[in-house]
Amino acid sequence: MFKPIRQNRKSKSILADKFVTENSNFKAGSIVLSNQTVFFQAINKINQIAGIPNDNEDYRIVTRKNINSFDFILLLLHKNKITDLTIAFYRIGKKVIQELKNLKDNKLITNITLLVNDGFPKLCPDAYNLMKQYESNTFKIKIENNHTKIICAKTEDNKYYVIEGSGNLSNNSRIEQYSFTQNKSLYDFHTEWINNI
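Numbering follows my numbering, in which position 145 of the sequence shown is assigned residue number 149; successive positions increment by one, without gaps.
Please note that a few of the clues may not be correct.
Have a look at the derived ranges for each label pair, beta carbon to beta carbon [said to hold, decoys possible]: (1) N199 / P125: 31 to 37 Å; (2) V66 / D109: 30 to 36 Å; (3) S140 / V66: 35 to 41 Å; (4) N58 / P125: 38 to 44 Å; (5) G123 / N48: 30 to 36 Å; (6) K85 / K144: 17 to 23 Å; (7) L127 / D59: 35 to 41 Å; (8) Q137 / N110: 34 to 40 Å; (9) K136 / N176: 32 to 38 Å; (10) I179 / E139: 31 to 37 Å; (11) I201 / N48: 16 to 22 Å; (12) W197 / T87: 17 to 23 Å.
Straight-line distance between alpha carbons at most 20 Å, and here's what the computed EDC-like set of lysine to aspartate or glutamate pairs gives [said to hold, decoys possible]: (13) K188 / E103; (14) K144 / E196; (15) K111 / E61; (16) K49 / E168; (17) K153 / E103; (18) K126 / D109.
I should point out that these hints are in silico values taken from the structure, not numbers from a laboratory.
Glycine is no exception: its CB is placed at the ideal position from the N, C-alpha and C atoms.
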């Protein structure tokens, strides 16, 4: 009947015209703002695809191992400080937790609220313990049965950004899809339900 056909899983994708093919996932110790090369590479990855949306503009992005959700935060910080950062996630890496703490300590981010999946303590106990260690001084943490992946950022110049997508805040990105929007109503919608948990 049907003959099995072997498919090459590493074939080039045609997901976007400006598809980046290099593997640029974060390496150990690479998520540091003092490492300007890594910082600007993260910014350039998103700028090559879309850049920062204007008011009421929405970009749809599909990537393959070349953009981590954390890159969007770095891109926004390149333009302005973040006054309020709300992140809902299923998983987060220890390096991202440490970098968020460093960004807050360096006054680049004022307030950070994290909505954490209730299975995260068992899935990633080291990352969870690190996050809880910083809770009183750095993070406001909410734990719920959550599978959303949302980043809401209000910048110092009163711009409201929302990043929704499939990517977690870890270095394990695959083919991921994102919606990158500047819209106060959408920002208010997400921050309201997250804050009411």
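Status of each hint after checking the structure:
no., hint, verdict
1, N199 / P125: 31 to 37 Å, "violated, 22 Å"
2, V66 / D109: 30 to 36 Å, "holds, 34 Å"
3, S140 / V66: 35 to 41 Å, "holds, 39 Å"
4, N58 / P125: 38 to 44 Å, "holds, 40 Å"
5, G123 / N48: 30 to 36 Å, "holds, 35 Å"
6, K85 / K144: 17 to 23 Å, "holds, 18 Å"
7, L127 / D59: 35 to 41 Å, "holds, 38 Å"
8, Q137 / N110: 34 to 40 Å, "violated, 18 Å"
9, K136 / N176: 32 to 38 Å, "violated, 22 Å"
10, I179 / E139: 31 to 37 Å, "holds, 33 Å"
11, I201 / N48: 16 to 22 Å, "violated, 35 Å"
12, W197 / T87: 17 to 23 Å, "holds, 20 Å"
13, K188 / E103, "violated, 26 Å"
14, K144 / E196, "holds, 15 Å"
15, K111 / E61, "violated, 28 Å"
16, K49 / E168, "holds, 17 Å"
17, K153 / E103, "holds, 18 Å"
18, K126 / D109, "violated, 28 Å"
Checked against the numbered hints given earlier, the structure breaks hints 1, 8, 9, 11, 13, 15 and 18 and satisfies all the rest.
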